[in-house]
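Chains as they are written, first to last, in the numbering used here: chain A, 26 to 333; chain B, 26 to 333.
No lab work stands behind these hints: they were computed from the structure. Take these hints with a grain of salt, some might be off.
Put simply, identical chains are the same to the list, so a pair is met inside one copy or across any two.
Said to hold, decoys possible - Below are the DSSO-like pairs computed for lysine-lysine, each with C-alpha atoms no more than 27 Å apart in a straight line:
| # | residue 1 | residue 2 |
| --- | --- | --- |
| 1 | Lys168 | Lys305 |
| 2 | Lys91 | Lys145 |
| 3 | Lys226 | Lys305 |
| 4 | Lys168 | Lys226 |
| 5 | Lys285 | Lys145 |
| 6 | Lys91 | Lys305 |
| 7 | Lys145 | Lys226 |
There are 2 protein chains.
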Amino acid sequence: MADFVVGGAQMGPIQRADTREDVVARMIALLERAAVAGVEMLVFPELALTTFFPRWYAEDRAEFDKYFEREMPNAVTQPLFDRARELEIAITFGYAELTPEGRHFNTSILTDRAGRIVGKYRKVHLPGHVEHDPERSFQHLEKRYFEPGDLGFPVWRNAGVVMGMAICNDRRWPEVYRCMGLQGVELVTLGYNTPSVNSQKGEEGLERRLFHSDLSMQAGAYQNATYVVGVAKAGVEDGHHLMAGSIIVDPNGVIIARAKTEGDELISAACDFAACRFGKETMFDFARHRRPEHYGRITSQSGVVLEV
Amino acid sequence: MADFVVGGAQMGPIQRADTREDVVARMIALLERAAVAGVEMLVFPELALTTFFPRWYAEDRAEFDKYFEREMPNAVTQPLFDRARELEIAITFGYAELTPEGRHFNTSILTDRAGRIVGKYRKVHLPGHVEHDPERSFQHLEKRYFEPGDLGFPVWRNAGVVMGMAICNDRRWPEVYRCMGLQGVELVTLGYNTPSVNSQKGEEGLERRLFHSDLSMQAGAYQNATYVVGVAKAGVEDGHHLMAGSIIVDPNGVIIARAKTEGDELISAACDFAACRFGKETMFDFARHRRPEHYGRITSQSGVVLEV
Chain A
26 MADFVVGGAQ MGPIQRADTR EDVVARMIAL LERAAVAGVE MLVFPELALT
76 TFFPRWYAED RAEFDKYFER EMPNAVTQPL FDRARELEIA ITFGYAELTP
126 EGRHFNTSIL TDRAGRIVGK YRKVHLPGHV EHDPERSFQH LEKRYFEPGD
176 LGFPVWRNAG VVMGMAICND RRWPEVYRCM GLQGVELVTL GYNTPSVNSQ
226 KGEEGLERRL FHSDLSMQAG AYQNATYVVG VAKAGVEDGH HLMAGSIIVD
276 PNGVIIARAK TEGDELISAA CDFAACRFGK ETMFDFARHR RPEHYGRITS
326 QSGVVLEV
Chain B
26 MADFVVGGAQ MGPIQRADTR EDVVARMIAL LERAAVAGVE MLVFPELALT
76 TFFPRWYAED RAEFDKYFER EMPNAVTQPL FDRARELEIA ITFGYAELTP
126 EGRHFNTSIL TDRAGRIVGK YRKVHLPGHV EHDPERSFQH LEKRYFEPGD
176 LGFPVWRNAG VVMGMAICND RRWPEVYRCM GLQGVELVTL GYNTPSVNSQ
226 KGEEGLERRL FHSDLSMQAG AYQNATYVVG VAKAGVEDGH HLMAGSIIVD
276 PNGVIIARAK TEGDELISAA CDFAACRFGK ETMFDFARHR RPEHYGRITS
326 QSGVVLEV
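Just chain A, with the same shape it has in the complex (with noise of 0.2 Å):
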């Protein structure tokens, strides 16, 4: 069972004006520092690339177009791939993907410690609207721009580990971990762009919603007996807040590392991946405990369905 540091590579915010090459040469710095750290795993933010578009309404969806990525790696990604190959580290990271039969998603990728992409998530869980909402302090059109993922939740064995990916709003859906947990994963990232304020409910700020993240991810975490990584794009972007409060979790539900800052910060732990066994093998060992018999509803109907 193996045995290595995970990091999180959190990021500061990344403005309109900023260009994908001024970003990538803050991942390649974030890697060296990974690299300093002794990690082998480094997982960076949702959308890493370009800043939250998502926040704003373009009447043509395709003006938005620019912020999507035709192809991973990319000429200006490659030198990251590159680096994380020589560094001898493997990485995930978000980016808004547009297929060559023009489909758009909330892409992450998963590599190994060679450089070569191993996974693919695109996210499901995608909050927000469709149509421009005068009621909210702010938009956040994911709805908008992006379809739901196509490829489930699926996990991979990369570096002795099995692991799976989830992007932002997914971490608060028990089912996200789950669907993992049921093939055994081990380590969950996921990386996020979260408004430090609700839009549709200003009083819940800063505080609530840092508490709402890390709660959905420990909960997910203990309940299938995996770690969990949670990396935010944090701080004032383009004049919104994105909270930070990028996070490690052990399979008991306990954060272990956490961001300090609201910037470009390493955040890492030393994971026992054999910790897992524990929990997996006692009170969720799933095939002695779990009914599915009587978990109908949860694959039956998406909505409410009133009765009584």
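Keeping the supplied structure of chain A fixed, place chain B upon it in accordance with the hints.
Positioned in the frame of chain A, the structure of chain B alone reads:
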């Protein structure tokens, strides 16, 4: 939308030597205190009428039928129902149920404010084991003395609120809250008898056990925008320490009441059930955001399937 005070009637230990009459007298005393506090719905623990007998091994299971109730209400519990009706307090409590067909369940019932039983739940997630396990520091033989519940996770509208029940170990399983959440639940009630030390991991003591208990209930509350009330039978029972930590959690996952002792203790909180709406209509608007087409494993497999 209803708005009333919910109470948790934490109970101290029930020794083997205690009679059910002794116990019902304590429950009625808690009910009286609840009435003074303005409680309209009161939650008692799991197996509220007896000691937690699954900690002992009986070669002949029938030897423990003495801990089971053959009807509910019965002569011993009728005064509890009567007093609840007079005080107009809806109640829920757990007991060991022996059916006319000879089946054994770990059960809880729910009454309306007129003292009528309106709902029954049978514990689905039985922890522990069937045969004597010499590796454990003490036994946890729920799988020996009970069969898994056969009623699923129903909800009822009671006192104007959509309520559902769970029991003890059920609280660690996100499927439980979700099945009720998909029926619009606004109040999940549950009782527990939880040893304060993990029988298979001695160093996992009280603090960690309380953390796991809180974490599971808080996540279940937040992710389904529901109140959750978890109520312990606590203290040193027949030489075994049970954790306390009874809590009431709001739909934000925030703990709004917590027991301070390990004895008979009333906790209560004014619950504004309209507060469930915000989560149910935004972040956790299931119809808009859930994607059951990707959740298939949750119902198609019970145990882990390792494919990588």
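Please sort Lys226 with Lys305 into within, between, both or neither, judging by C-alpha distance up to 27 Å. between (38 Å within a copy, 14 Å between copies)
Using 27 Å as the alpha-carbon threshold, which applies to Lys91 and Lys145: within, between, both, or neither? So Lys91 and Lys145 pass the 27 Å test inside one copy only (21 Å; across, 57 Å).
Tell me, please, which holds for Lys145 and Lys226 at an alpha-carbon limit of 27 Å: within, between, both or neither? Answer is neither: 34 Å inside a copy and 37 Å across each miss the 27 Å cutoff.
Could you figure out if Lys168 and Lys305 sit no more than 27 Å apart (CA to CA) within one copy, between two copies, both or neither? between (35 Å within a copy, 18 Å between copies)
Taking 27 Å as the upper bound on the Cα-Cα distance, should Lys168 and Lys226 be classified as within, between, both, or neither? Result: close within a single copy only, 20 Å intra versus 46 Å inter.
Which holds for Lys91 with Lys305 at a C-alpha limit of 27 Å: within a copy, between copies, both or neither? Neither. Shortest intra-copy (44 Å) and inter-copy (35 Å) distances fail the 27 Å Cα cut-off.
Copy assignment of Lys285 with Lys145, given that the CA separation must stay at most 27 Å: The answer is neither: 29 Å in one copy and 48 Å across copies each exceed 27 Å.
In this structure, the hints that do not hold are numbers 5, 6 and 7, in rising order.
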